[in-house]
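J.: Sequence:
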Amino acid sequence: MKKVVKFGGSSLASAEQFRKVKEIISSDSSRRYVVPSAPGKRSEDDTKVTDLLYRLYDATGDEDRFSAVFSEIRARFDAIVSGLALELDLRNEYETIAEKLKNGSGRDYAASRGEYLNGRIMANYLGYEFVDPAEIIVFFEDGTLDRDTTEERIASRFRDLERAVIPGFYGISADGRIRTFSRGGSDVSGSVIAGAIHADVYENWTDVSGFLCADPHIIENPEVIDTITYHELRELSYMGAGVMHEDAIFPVRKEGIPINIRNTNRPSDRGTMIVADTCRKPRYTITGIAGKKGFCSVTIDKDRMNSEVGFCRKVLQVFEDNNMNLEHMPSGIDTMTIVVHRSEFLDREQKIVAGIHRAVHPDHIALEDDLALIAVVGRGMKDQRGTAARVFAALSHAHVNVKMIDQGSSEFNIIVGVKSADFEAAIRSIYDIFVLTQI
-8 MKKVVKFGGS SLASAEQFRK VKEIISSDSS RRYVVPSAPG KRSEDDTKVT
42 DLLYRLYDAT GDEDRFSAVF SEIRARFDAI VSGLALELDL RNEYETIAEK
92 LKNGSGRDYA ASRGEYLNGR IMANYLGYEF VDPAEIIVFF EDGTLDRDTT
142 EERIASRFRD LERAVIPGFY GISADGRIRT FSRGGSDVSG SVIAGAIHAD
192 VYENWTDVSG FLCADPHIIE NPEVIDTITY HELRELSYMG AGVMHEDAIF
242 PVRKEGIPIN IRNTNRPSDR GTMIVADTCR KPRYTITGIA GKKGFCSVTI
292 DKDRMNSEVG FCRKVLQVFE DNNMNLEHMP SGIDTMTIVV HRSEFLDREQ
342 KIVAGIHRAV HPDHIALEDD LALIAVVGRG MKDQRGTAAR VFAALSHAHV
392 NVKMIDQGSS EFNIIVGVKS ADFEAAIRSI YDIFVLTQI
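Mapping of the sequence shown onto the numbering used here: position 103 corresponds to residue 94, and the numbering continues sequentially without gaps.
None of these hints come from the bench; they were simulated from the model.
In this text, a Cβ means the ideal position worked out from N, Cα and C, and glycines have one as well.
Please note that a few of the clues may not be correct.
Straight-line Cα separation of at most 25 Å, SDA-like style, residue types lysine to any residue; simulated pairs [unchecked claim]:
#	residue 1	residue 2
1	LYS410	SER334
2	LYS91	SER18
3	LYS245	ARG225
4	LYS93	LYS13
5	LYS32	ASP99
6	LYS32	GLU63
7	LYS293	LYS283
8	LYS(-7)	PHE121
9	LYS293	LYS272
10	LYS13	ARG46
11	LYS(-7)	GLU340
12	LYS284	GLU340
13	LYS293	ASN313
14	LYS283	LYS394
15	LYS11	ARG46
16	LYS410	LYS305
17	LYS245	LYS272
18	LYS283	ASN392
19	LYS32	ASP133
20	LYS284	ARG349
21	LYS(-6)	GLU120
22	LYS91	ARG65
23	LYS284	ARG98
24	LYS245	SER401
25	LYS283	GLU120
26	LYS(-7)	SER147
27	LYS93	SER18
28	LYS410	HIS332
29	LYS394	LYS245
30	LYS394	GLY285
31	LYS39	ALA70
32	LYS342	ARG381
33	LYS394	ARG419
34	LYS39	LYS245
35	LYS(-7)	SER18
36	LYS272	LYS394
37	LYS284	ARG381
Between beta-carbon pairs, the in silico distance windows are [what the hints assert, rightly or not]:
#	residue 1	residue 2	range
38	ASP217	GLY118	46 to 56 Å
39	SER411	ASP325	26 to 36 Å
40	ASP37	GLU299	57 to 67 Å
Model the full structure from these sequences, guided by the hints.
T.: Dropping the structure here:
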């Protein structure tokens, strides 16, 4: 059995955290491939090393500022090395980083050095081989992952490699420059490696004991989800539920590899298992609740809209011509509503409205600003009568007016739109009726 184990920044923020990680790895011989992030915050008022590295890049050209920031970065890594009593000298690495930044290596190179240095430390600490992602993870010129080349390189490099440390977050582009994934990209690195070597499990270690049923900033001590499907996770992650990077799901999902989200500080907790499918019934009717603010809606009214061939296509073409992504599109016989991100829409509002008038000559267009979308997701919903009624009863009880409703034919999720001011109250009311009281 072989596992790829990724540890987040909070799990590797200090020498003490490194010791916890080594104990976790040593307790299971199948944890053979380790993907570390850069050191995260040691306390609430601390700064992540990646943020310090971005500051370092911005300070290039200002010798005093550059020196001050770099001293802070070196101190973070030196404290870990000395705290673990390692015979590891990073001075040559520091000199190389400083020289390359001063000679024009880019922002991605700067940001990636946190993972690189943490990987060097981790490999030394565990006695594992170090594999630089620049050898195996390849990006196209547009910054997207070259999956075929990457998988070929990983398969070749790991064929006879028993154990290794592979830093997360970065790789290399065709022109030889370091490229990074977006923030949280170490999740993607681990997933890509797990998929390419056909790992049995991809463990993602963080500072929470699994995927939570709701946002802990809104719900006090929300329940941990025991088992969740990739489909459910994708829906919840897209709507703002944060544990894993969105793009980390695909590489393991296509190989049928489960993901286990675990807590470095509570290693005995089982965490959340993310699987392709399961016959396990969820503990509650719903699996989770997630949502985001910052949306607006465009509602188009026209008599006999349903009998006008090509009406929807013409409206959607207006949004496409203005390079707008659509979030949801609930509709009726004579009405059609398009929900979009407010930040993208405001600058193009009048252009889009004028385009719709020219394209379909509506009777009326109504714009609604400052909306929040809430997704109620769960594989158990389709087998339970009255799920939608319970959602609306909860919102009514909380005096929340529903501005929009969207439910797919799969009965897998229900999306409701509410005013942003009602967002937190809406989530609390839904959580209460499905999890706390289970009415």
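J.: Against this structure, judge whether each hint is valid.
T.: Going down the list of hints, with the structure as the test:
1. LYS410 to SER334: holds, 16 Å
2. LYS91 to SER18: violated, 39 Å
3. LYS245 to ARG225: holds, 13 Å
4. LYS93 to LYS13: violated, 35 Å
5. LYS32 to ASP99: OK: LYS32 and ASP99 at ~20 Å, within 25 Å.
6. LYS32 to GLU63: holds, 13 Å
7. LYS293 to LYS283: violated, 30 Å
8. LYS(-7) to PHE121: The hint holds at about 18 Å.
9. LYS293 to LYS272: Cα-Cα ~44 Å, so violated.
10. LYS13 to ARG46: violated, 30 Å
11. LYS(-7) to GLU340: Cα-Cα ~52 Å, so violated.
12. LYS284 to GLU340: Given that 25 Å is the threshold and the Cα spacing comes to 18 Å, the pair holds.
13. LYS293 to ASN313: Holds, because 22 Å separates the two Cα atoms, which is no more than 25 Å.
14. LYS283 to LYS394: holds, 15 Å
15. LYS11 to ARG46: Violated - the C-alpha atoms of ARG46 and LYS11 are around 29 Å apart, more than 25 Å.
16. LYS410 to LYS305: violated, 28 Å
17. LYS245 to LYS272: holds, 23 Å
18. LYS283 to ASN392: holds, 17 Å
19. LYS32 to ASP133: violated, 31 Å
20. LYS284 to ARG349: violated, 30 Å
21. LYS(-6) to GLU120: holds, 16 Å
22. LYS91 to ARG65: holds, 16 Å
23. LYS284 to ARG98: violated, 30 Å
24. LYS245 to SER401: Holds: LYS245 and SER401 sit about 21 Å apart, inside 25 Å.
25. LYS283 to GLU120: violated, 42 Å
26. LYS(-7) to SER147: Given that 25 Å is the threshold and the Cα spacing comes to 17 Å, the pair holds.
27. LYS93 to SER18: violated, 43 Å
28. LYS410 to HIS332: holds, 14 Å
29. LYS394 to LYS245: This hinted pair is violated, its Cα atoms lying about 37 Å apart.
30. LYS394 to GLY285: It holds: about 14 Å lies between the C-alpha atoms, which stays within 25 Å.
31. LYS39 to ALA70: Answer holds: LYS39 to ALA70 is near 15 Å, not above 25 Å.
32. LYS342 to ARG381: Distance of about 40 Å is beyond 25 Å: violated.
33. LYS394 to ARG419: holds, 18 Å
34. LYS39 to LYS245: violated, 32 Å
35. LYS(-7) to SER18: holds, 14 Å
36. LYS272 to LYS394: Not OK: LYS272 and LYS394 at ~32 Å, beyond 25 Å, violated.
37. LYS284 to ARG381: holds, 23 Å
38. ASP217 to GLY118: 46 to 56 Å: violated, 35 Å
39. SER411 to ASP325: 26 to 36 Å: holds, 28 Å
40. ASP37 to GLU299: 57 to 67 Å: Because 59 Å falls inside the window, the suggested range holds.
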